[in-house]
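Residue numbers (this note's numbering), protein chains in the order written: chain A, 1260 to 1694; chain B, 52 to 519.
Hints are computed from structural coordinates only; laboratory data are not their basis. Incorrect hints may have been included.
Below, simulated DSS-like cross-link-like pairs (lysine-lysine); rule was C-alpha separation at most 25 angstroms, straight line [claimed, not checked]:
1) A:Lys1559 - A:Lys1357
2) A:Lys1274 - B:Lys442
3) A:Lys1571 - A:Lys1687
4) A:Lys1274 - B:Lys373
5) A:Lys1633 - B:Lys67
6) B:Lys403 - B:Lys383
7) B:Lys383 - A:Lys1267
8) B:Lys349 - B:Lys339
9) B:Lys403 - B:Lys446
10) B:Lys205 - B:Lys234
11) B:Lys107 - B:Lys373
12) A:Lys1274 - B:Lys403
13) B:Lys210 - B:Lys261
14) A:Lys1327 - B:Lys349
15) A:Lys1443 - A:Lys1559
16) A:Lys1357 - A:Lys1274
17) A:Lys1445 - A:Lys1687
18) B:Lys267 - B:Lys373
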Amino acid sequence: MNEPETLKDVMNYEKAFDCVQCGYCLPACPTYETMETETHSPRGRIQLMKLAAEGHISLHELEDPVEKCLGCMACVTVCPTNVQYDQMLEGAKHAIEKNKEKPKHQAALEKGLFEHAVPSSKIMHSVGNLTWMYQKSGLQTFAQKLGILSKTPLHLGEFASVLPPMPSPKQRASREKVQPAQQKEKLRVAFFTGCVMDSVFFTINEQSVELLTLAGASVVIPEEQTCCGALHAHAGRHDEAVALAKQNIQMLEDLNVDRIVNNAGGCGAQMIRYDHLFDEGSDWHKRALAFVAKVEDITKVLAELDGLQFTKPLNYTITYQPSCHMTNVQRITNEPRQLMNQLPGVSVNEMNDPDFCCGSAGIYNIVQYDESMKILDRKMGDAQATNAQVIVTTNPGCLLQMKYGAERASSGQRAVHLIELLIEAEPKIKQIKNV
Amino acid sequence: MEAKWITALKSTLGEKYVRTAVVDRHSYSYDGSFGEYVPEAVVQVASARQVSEVMKIANHYRVPVTPRGQGTCLSGGPLPVYGGMVLDTSQWPASIEVYADDLIAEVSPGTLTSAIHQEVEAYGLMYPPDPSSAHVSTIGGNLAENSGGPRGLKYGVTKDYVIGLEVVTPEGEITRTGGRTIKNVTGLDITKLIVGSEGVLGVITSATLKLIPKPKAVQTIMVAFASMETAGRAISTTLTSGILPSKMEFIDHACVQAVEAYEPSGLPQDAEAVLIMELDGHEETLDKELQEILTIMKQLEATAVQVPETAEAAARIWKARKMVSPAIATIKPTKVSEDATVPRSQIPLMMKKLGEIREKYEINLVVFGHAGDGNLHPNILCDERDQAEMKRVEKAVEDIFQAAIDLGGTLSGEHGIGTMKSPFMENEIGIAGVDLMKRIKQSWDPNNIMNPGKIFAEPGQRLVLSRE
C-alpha cells in the first residue's frame, strides 16, 4: 500500500454502516451479561469504534471497551445483517496499538513475547521444558504449599498449577517428522502443531498424529511452520500477524498435502481468515486463499475419514464446551459432537448455553483476570448443572481455563481435549464389513 | 465540576450505578431507529424505590429522564433528546410470577418478553404479543411502546394484555393502576393511558399481564398471488368467511427476491405477493378451517399454495419471513422502517400509492408486514452517507404518512411516534387532539422532565433523516 493509511482505513470504518443497531447481538454477548452495560456489548463497541474513527472520541477512550471484548464472535453468528465485527475489532486493536505509548517494561516484555517467544518453537518448547522441570523438581509442590504462586501478578501461577505433566526434552526431540498412515492412505496432511499446544499440551499433539495416521492419513510435521499469529492479531500487532501468515503460506506451498490439520480452535480460526490480512486481488491474497482452502480442524478430518472404531467403554457423562472460534469463526459444531457420540458408554449431556464463552479467549484470562473469572464462574455453574464428570474442549485456551475452572469451583470435574478422550476410548482401525 | 444532580444520584444509588464516562454516555445515545443524543449520565435502577428516588432528584433539579429497556425501539423512544439521564431498566433482574389459576403473571420491567413467553407456556398458557425483537426487548419497553407483532391480528397487542401497573410518577410517587381482575371499572383507566405513552408520563416498575390458554395446535399455509389486488381480496375474503387466522403476513415481490438472494428459502420467486398464514386452535377445527381456506385460495386463483406437514417445514416458512429484514438490509446499508397502518380493505390501494411514491422519488422501497391487520412495513433502503438520497427519502416518508392518513389509517401501528413522526401528529388527530394530549402530559409532568421531545413536536419541527 503506497498511500498512508487513514485512521478510518485502519479501523475498517465503512463496516460500521452495516450495523442497523437492532440490538440482536446483546443476548449473545458474554461481557454484556457480566459487565451489565451496553458499553461492553457489540452494539456499543461498534458505535464507539465508529465515533473513534470519526475522531469524536479518542482512541484512549476506546481502549477499555475494546480490550474487555473476548473476541468470541458470538455476536457475528447471531447478527442479522452480517456485520463483520471481527474485522472491526482487529482494526480497532491495530489503531489502539499504534497509538499507545506503553510503559517501557511492558513494551519490552510484549516485544520479547510476540516477536520472539510465541513464533519460536524453540523458545516455546523451552517454556514447556521449564514447566516440565518445574513440575518434576518438586518446586511446584513447594510453591503451592507456600502459596507463592497466587501472589504473582497476572495470576500466571494459578494457571500453571493446572498444567499437565510435561514430556521430557528427549521425548520432544524424538518426534518423527513424517508418519505414514497405519491403514490404506486416504489423505495426506500436514500437521499444524500450534505454539501453546506444542509446548504445554505436547502429548495431545502426539495423540492427534496417532489418531490421524490410525484413521488413514499420512502426516508430515513441517519444521518450517510458525505461529498462526492469532495472538498477534488479537493484540493489534497486525504487521507481525501478516509476516507469520506469509511464512505459513509459503511453508504449505512447498508441501504436497491435501490439508493442513490443527487441533486448536483458535489457531484454525486465525488460519482460515488469512485472506483478510491481504488486499483483495493481490498475489498474497491469492496465495492466502489457496492456504485457507486446505485449513481444517482435526475433528472434521477424523469425522470425514471415518476410519476409527472405539473399543473401550468409558462410563462417563460428559459435557462439551465448544471453542468460540470453532463455533463462530470456523463454524464447526457437528463434527466434535459426532465423534463424542461414537464413544461407547459415554453419555453427552449438553449444558445450558454451551456457546457462551468460557472466558479464556487467548490471553484474556491473564490480562483481564477479574472479568474472565466472572465469565468462568457463570460457565462452571452451567457445567456443574449437567452432572458431567468430564468437560470436553477443542482448544488449548479453553482446556486450560476449564481445568482451572473445575479447580476454582471445586467441582471435581476433569477437563480434557476431545483428542485425549478419543485416545482413552482405545481407538482401533475400523473394520469394514463386506456387504 | 460535577452537576449537583449527578452527585445526589451517586450518593443515593452508589457510584457504580451512575455512569458518566464518555464511552458509557455514547453507548446509550441511540436505539434501533435514527438519531443520536448523548445523555449526561446513564443511571441503572433495579427497584421501584430507586426509581422513586431518582425521579425526586430529577424533578428537584429539573433534569430530563429518558427510560430505556434494551434499546431496540424503532421510533426513538429511548433517545435522550434533551440530554439529562438515560434511565436504564435493562439490568433490573428478571422476575415472572405466574398465577396460573388467575391466568395472570406479575413481571418486572427488565424481563425479556421471550422469557415471559417461555415461562407461561410451562403452565399451558400464552402471552400473545410477539414483536419480532421479543428475544431481545424487555417487557418494560414493550409496555411503554405498546408493541404489536404478527399475532395482533387475532389476539391484539400489548395493551390488550395489561390489567395492572405499578408506575412511578415524574414527581416520584409510586402508584398502582388497575388490578388483578379482568373486569375492573373502578375510576379512569389509567393503565391503558400509560401503556403506549412512550415514557412521557412515568416509569413502569411492575406489570400484571393477562394470559390466555395456549392453543393446542397450529397450521401454517403459504399462498402466492400474481397480483397485489388478488392478495388483498384473499385477505378480506378469508376474514369474512368466519375464520380468524392468528397471523396473516404479507411479503411483496422485491422482498421475496431479496430473501432468495440472501438465503434461498423456497419462497415462490415469480409471485407478486405472498401471504403466510397461521391458524391456531383444536386440531379437528384446524383441518376444517384449512380446507375452507384452500377453497377460497383456489377460487381466487392463487398461483401456488403450500401446506407444510411438519413443524420443521412450517418453521422453515416462518424463518423465510424472518429473513426479510436482514435480506433487504443488503440492498443498501441504511434502512428506514415505517409502520403506517390502514383499514384492511385499503391495503391494495395503499400498496398502489407506495408504488407511486417509489417511482416519484426514485428510491428502493419494499413492503412486507402484518397484512391481516392492515399494518404494513414499507421499508426504504438507502445510504445515510448520500445526502441527496436522504432528502428524497425524507419526502417519501412524509408522503407515506399522508397516504396512510388519507386512507383512514394511522401514522404508526406498532412502533410508536417518538421523534420522527411527531411533526405529523396534527395531520392525523388535529390541533385539538394534540392539545388534549399535551394537557394530560402537563398535568402528570408539570416540569416536563419525563422523556421530553417525544410524541409532541416543537414548533416548526420536521422530519430529518440526513446526518449533519
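Tell me the hint numbers this structure goes against, listed in increasing order.
Structure breaks hints 1, 11, 12, 14.
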